[in-house]
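Student: Line by line, the protein sequences give chains L and D.
The opening residue of the first sequence carries number 15 in the working numbering; numbering runs sequentially from there.
The opening residue of the second sequence carries number 15 in the working numbering; numbering runs sequentially from there.
Be aware that a few hints might be false.
A pair counts as met if it fits within one copy or between any two copies, since identical chains are not told apart.
Said to hold, decoys possible - Restricting the straight-line Cα-Cα distance to at most 20 angstroms, the calculated cross-link-like pairs of lysine to any residue (SDA-like) are:
| hint | residue 1 | residue 2 |
| --- | --- | --- |
| 1 | Lys38 | Ser81 |
| 2 | Lys49 | Pro159 |
| 3 | Lys49 | Glu23 |
| 4 | Lys143 | Arg173 |
| 5 | Lys143 | Glu63 |
| 6 | Lys49 | Ser88 |
Derived from the structure by calculation, the hints contain no laboratory data.
Residue-level listing of the chains:
Number of protein chains: 2
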Amino acid sequence: MVARDRSIENLIERLNRLPGIGPKSAERLAFHLLKIDRDEALQLARAIENVRAAVRTCSVCFNLDASDPCGVCSDETRDRSIFLVVEDPRELTRFEDVGFRGLYHVLQGRMSQLENIGPDDLTVGALIKRVERDRPAEVCLATNPDLEGEGTARVLAERLQPLGVKITRLARGLPAGSSIAQVSSSILADAIEGRRSLS
Amino acid sequence: MVARDRSIENLIERLNRLPGIGPKSAERLAFHLLKIDRDEALQLARAIENVRAAVRTCSVCFNLDASDPCGVCSDETRDRSIFLVVEDPRELTRFEDVGFRGLYHVLQGRMSQLENIGPDDLTVGALIKRVERDRPAEVCLATNPDLEGEGTARVLAERLQPLGVKITRLARGLPAGSSIAQVSSSILADAIEGRRSLS
Numbered sequence: 015m016v017a018r019d020r021s022i023e024n025l026i027e028r029l030n031r032l033p034g035i036g037p038k039s040a041e042r043l044a045f046h047l048l049k050i051d052r053d054e055a056l057q058l059a060r061a062i063e064n065v066r067a068a069v070r071t072c073s074v075c076f077n078l079d080a081s082d083p084c085g086v087c088s089d090e091t092r093d094r095s096i097f098l099v100v101e102d103p104r105e106l107t108r109f110e111d112v113g114f115r116g117l118y119h120v121l122q123g124r125m126s127q128l129e130n131i132g133p134d135d136l137t138v139g140a141l142i143k144r145v146e147r148d149r150p151a152e153v154c155l156a157t158n159p160d161l162e163g164e165g166t167a168r169v170l171a172e173r174l175q176p177l178g179v180k181i182t183r184l185a186r187g188l189p190a191g192s193s194i195a196q197v198s199s200s201i202l203a204d205a206i207e208g209r210r211s212l213s
Numbered sequence: 015m016v017a018r019d020r021s022i023e024n025l026i027e028r029l030n031r032l033p034g035i036g037p038k039s040a041e042r043l044a045f046h047l048l049k050i051d052r053d054e055a056l057q058l059a060r061a062i063e064n065v066r067a068a069v070r071t072c073s074v075c076f077n078l079d080a081s082d083p084c085g086v087c088s089d090e091t092r093d094r095s096i097f098l099v100v101e102d103p104r105e106l107t108r109f110e111d112v113g114f115r116g117l118y119h120v121l122q123g124r125m126s127q128l129e130n131i132g133p134d135d136l137t138v139g140a141l142i143k144r145v146e147r148d149r150p151a152e153v154c155l156a157t158n159p160d161l162e163g164e165g166t167a168r169v170l171a172e173r174l175q176p177l178g179v180k181i182t183r184l185a186r187g188l189p190a191g192s193s194i195a196q197v198s199s200s201i202l203a204d205a206i207e208g209r210r211s212l213s
């Protein structure tokens with residue numbers, strides 16, 4: 015049995031460490047990177063290097079951006095009375111896409127008993143200090159509507175309560191465009207629970 | 015709407031060009047590469063660079079290796095009387111894994127009407143010349159047991175026929191429609207064992 019070149023094995027191993035990339039996918043991707051135009055492959059390497067050189071974590075809200083403070087935090091036209099608390103920077107970009115104009119706080123994850131992630135592993139301490147210092151009118155807890163996200167929101171709500179800030183949570187209900195006959199019971203229960211008045 | 019840093023967009027776009035990586039996966043991977051330890055991320059970039067610097071295409075059999083001729087072609091202990099013709103180098107490694115000890119010829123793909131890939135887009139001409147020059151006793155066509163693979167084998171058999179070499183095909187112990195890169199070693203070993211004559 016002739017071994018593959020070590021550089022190939024190394025690349026496969028590196029790709030395999032990425033989330034959602036199993037051993038077979040890693041192998042397929044490695045040979046793809048060997049098959050395509052050399053420049054095309056090196057562009058990907060350079061893109062990784064550039065992103066790590068260019069992008070830093072905002073010391074105020076923990077967003078990722080080329081500047082610190084980030085573009086959002088340093089934008090004087092934004093509404094500073096509301097902080098939207100998100101798990102990750104890519105969720106932040108979703109809210110940007112739909113036109114949210116307040117400020118953010120990026121937790122850098124969510125609490126999880128299973129993965130042994132507590133408040134101290136996240137930017138919770140920094141959020142509390144920031145709310146004490148900047149006194150926003152409202153903190154909206156925009157963690158995901160699942161087990162860990164709800165648990166994280168509950169802990170955050172407890173910690174923020176003493177500061178006298180208004181604490182909100184994103185609405186839960188029917189996804190736009192969904193069909194009532196087909197959504198899950200928990201979605202439907204949320205939709206009834208959170209029904210709002212039209213009159 | 016605040017734009018994301020251009021380096022992030024660029025990385026997402028580069029990842030999205032990889033096979034099987036859609037826009038959502040590309041975004042997830044990009045933010046993963048921003049979140050993990052900087053060295054860990056740069057190791058991946060370096061692995062891509064290294065593989066492209068270290069690995070070249072064998073001028074004899076078109077395998078990928080650090081040397082040219084490759085480790086297989088320059089190994090004097092191998093059985094030079096049989097050429098196993100494969101589509102891709104990663105399939106070659108599967109045959110190595112199950113202990114095949116002959117030589118290979120890597121087609122660098124398969125013929126496909128749909129994708130407009132003909133013999134001239136593959137290393138078919140080089141295979142013919144090589145068989146004429148080195149006169150192996152047998153050429154085993156180990157293209158995949160699916161539509162394009164069978165078609166490719168048929169065309170190769172026609173071209174090799176006039177050279178008077180024994181032409182074989184892997185046994186149809188392989189499940190039709192499967193991928194050589196993914197079947198178990200025992201299926202693959204059976205397929206080598208039961209290869210049948212086409213001439």
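Student: Taking the hints in turn, state whether each one holds.
Tutor: Right, here's what the structure says about each hint:
Taking the shortest alpha-carbon separations for Lys38 and Ser81, neither the intra-copy value of 38 angstroms nor the inter-copy value of 25 angstroms comes in at or below 20 angstroms. Taking identical chains as interchangeable, the C-alpha atoms of Lys49 and Pro159 are never at most 20 angstroms apart, the minima being 42 angstroms within one chain and 22 angstroms between chains. In the homo-oligomer, the alpha carbons of Lys49 and Glu23 lie at most 20 angstroms apart inside one protomer (15 angstroms), although the nearest pairing across protomers, at 24 angstroms, exceeds that limit. In this assembly of identical chains, the alpha carbons of Lys143 and Arg173 lie at most 20 angstroms apart only when taken from the same copy (11 angstroms versus 76 angstroms across copies).
Neither within a single protomer nor between protomers do Lys143 and Glu63 lie at most 20 angstroms apart by alpha-carbon distance, with minima of 33 angstroms and 43 angstroms respectively. Taking identical chains as interchangeable, the C-alpha atoms of Lys49 and Ser88 are never at most 20 angstroms apart, the minima being 44 angstroms within one chain and 22 angstroms between chains.
Checked against the numbered hints listed earlier, the structure breaks hints 1, 2, 5, 6; every other hint is satisfied.
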